[in-house]
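Enquirer: So you can see what is in the structure, the chains are spelled out below.
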Amino acid sequence: MKKANLIGTFLLSMALAASVTGCKHHPPMTTPIPDDTGGPPKPATSGSASPDNGGVTSAPAPVNGEPIALGNGDYAPLFSGAHDEDAEKFKADTVYFDFDSATIKESEGAKLQDLANYFKDNKKVEGLIIAGNADVRGTEKYNLSLGERRALAAREYLANLGVDPHRLKTVTYGASRPIAQGHDESAYKENRRDDFVLVTPK
Amino acid sequence: MNYPTLLIAVLLGTGSLTAKPDEPIEIHKPTTFLVPVSISGFEGEIESVLAFDLSVLGMEITSPDKAAYLVSGSQDGRLQGSLAAAGTVHPLWARAYAGGAIRAQAHAFANDIVKEIRGTAPIFQTRIAFRLQEGNTTEIAVSDFDGYNAAVLTHDGTLVDGPCWLPGGRGLLYTSWKNGGEEILEHNLSSGERRVFAGYPGANLSPEVSPDGQKVAMILSRSGSPNLWVCNLDGSGLQQLTRTREEDSGPSWSPDSREICFVCRSGRAELQKVSASGGPARAVRVAGIYGNLTSPDWSPDGKWLAFTSGSGSFTICVAPAEGGDAQKLVAGEDPCWAPNSRTIVFCRRVSNKRILCLLDVPTKRVKDVRQISGSCSEPSWAR
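Same order as they appear, the protein sequences are chains A and B. Just so it is clear: in the first sequence, position 43 is 43 by the working numbering, and no numbers are missing. Just so it is clear: in the second sequence, position 73 is 73 by the working numbering, and no numbers are missing.
Just chain A, same shape as in the assembly:
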C-alpha cells in the first residue's frame, strides 16, 4: 500500500515535471526580472562586464523618485581584480552638495558630463569609484547613508549620460574623510561631496 503510494507520487511528479517543461512552448509574456531578494552576492558575469555591452546602460531617468537598480552583483570584475586607483585625475570634477541633500545641483552637471565624456572616449576599459561624503553635522550612521545616497545620485546621473553602471562603484565614507577640518560652513561645504577615483586594470 505504502509502496503503491510512493510510486503514485513518483508518477505524479514526473507528470508535473513534464507539464512545467511544456511551458516553453508558450511565448514569454513578460520580460523576466532578475531576482533581487536573496542569496549571497554573485560574481560578475562576463556578459555584463564586456566593454561592448553598452546596451546595459539604458537605465531610465529617475521618475517620481524611483531608484535605479544597481544591477545586483555585477560590478565590472576590474574592481575586485588587480588595479590602479588614481584619485587625482578627476579632482576638478568633485561634485558638491547642499546641506542634508543628495540632489545633483545644476552647477555640478558639467563636471559629470566631463566624466561621462571621458568614458565615452576611452573604450570603457576603466572604471570609476564614486565616494560619497558628508559634513560633521549628522550622526555617523546617518552620514554614512547620506554619503552613499550622494554617490548613488552621481552614479545614476552618469548612467543616464550613457556610462555603463557596472563600471561605476559607489562607496561612502560618511564624515570620516573630510577635506577641510574647520567647524563652519566654509569647511562643511568642502566636505559635502562626491570624489571620483579612476580605476585602471593592471
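Rather than coming from a laboratory, the hints here were simulated on the basis of the structure. Note that CB positions come from ideal geometry on N, CA and C, so glycine has one too. Treat the hints loosely; a few may be bogus.
[Said to hold, decoys possible] Using C-beta positions, here's what the derived DEER-type ranges look like:
#1 A:Lys-91 / B:Ala-287: 40 to 50 angstroms
#2 A:Lys-89 / B:Gly-169: 42 to 52 angstroms
#3 A:Asp-184 / B:Gly-291: 12 to 22 angstroms
#4 B:Gly-169 / A:Gln-181: 32 to 42 angstroms
#5 A:Asp-184 / B:Gln-214: 38 to 48 angstroms
Following the hints, position chain B against chain A.
Expert: What follows is chain B alone, placed relative to chain A:
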C-alpha cells in the same frame, strides 16, 4: 520619602520572591531624584569604584548624617560590605565578595546596592564596544561599561563603523572598509576570527542583531538606494523591508524582535517603524522636537526610544516607543541603552574629540567614562 516603609517593602518583596520568581520586586520609590548615600570603611580603588557606580545610577555620595542609605564595610583581601537604611539599627544585608579582581568585587557589591535602592538590573559587570579614532583611522574597541579594561580589537589601519554585539557578548558585527568598499564583518571575540557577514554590491552598513539573536537588520544599497534589509543570523533569508528613494539609516530592534525602528529621510530625518517580516513602514510621531531625528535605540524594556536630535549640535532625547512627547535630556549623540533600561551610554564632542558618557535618564546625571587616548564614538552596550 518614608524610609522605614521602604525597608518593610523590601522585606516583604524578598519574602514573596519565591512565589513569582520571574517578577521583579515592585518597590515604590521615587526614581527621578538623586538618593543621598554615604560610603565608609573603604579606600582607594574600591571606594572610587563604588562612588562612580552609585553616581551612575543617580545617587549622591554624601556624609553619613545626610545619607538615606549607608554603605559600609571593610577591605582586607576580600571585600565585606553592608547596606543600611538611615535611622535603622540593623543593616538590610551584609555580604562578602571574594575572588576575581578587586574592581570586580566592588562592581558586584555596587550591583547589589543598586538592586536594593533602585530595583534595576545589574549593569556594573557589563561591557561596551565602540569606535576609536586616532588620526585618520578608526578601529573597534571594547571596554568595561566604565571605560576600564579597554582593548582595541582591530588593527586594520583603515575605517570601521560602530559595532553591535552578538547575543551573549560572544562577538561583534561591524562595517569595515579594509577591503576597499564597505563590508559587514562578523568578529568572534573568543577565537579572534573574522568573516564577511555581508558583502553585497554597494553599501553594507549599520548591522543590528535582533535581541532574540535570530536576525540582523542592516542598510544595503544594492537595490539602488540605501534601504533597510533583514536576514537570518547565518546570512540566509535576505529580505528588503523599505523601498524609499531617499536613504534610510540606523536601525534598532524592538525587544520582542518583531519590529525595527529606523531613520527615514523624507524632507527631514524622521523615526519610522516597520515589521521585521515586512509591510508598510509608519512614522513614530514625536512631539516637541524639531529638526533631524537620528540614531534611535529601543530600550530593552520596550517602553522608550532614545535618539539624537539636531544637526551640528546634538541632543540626546527620549520618547515613548509608541510615540508621544519627547524629552530633551543632555547634549550628545548616538545613545545606547544599558540592560537596565535606565542608563544610556552616548558620546559628546569636546574640543575636537569625542568621549563616551553615561547618562542616568530619570535624574539626567552624566558621568564621563574613563578617558583613553583617541576619539570614542558610536557605543554599543552588550545586553
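Enquirer: Just pull the numbers of the violated hints for me, sorted ascending.
Expert: none
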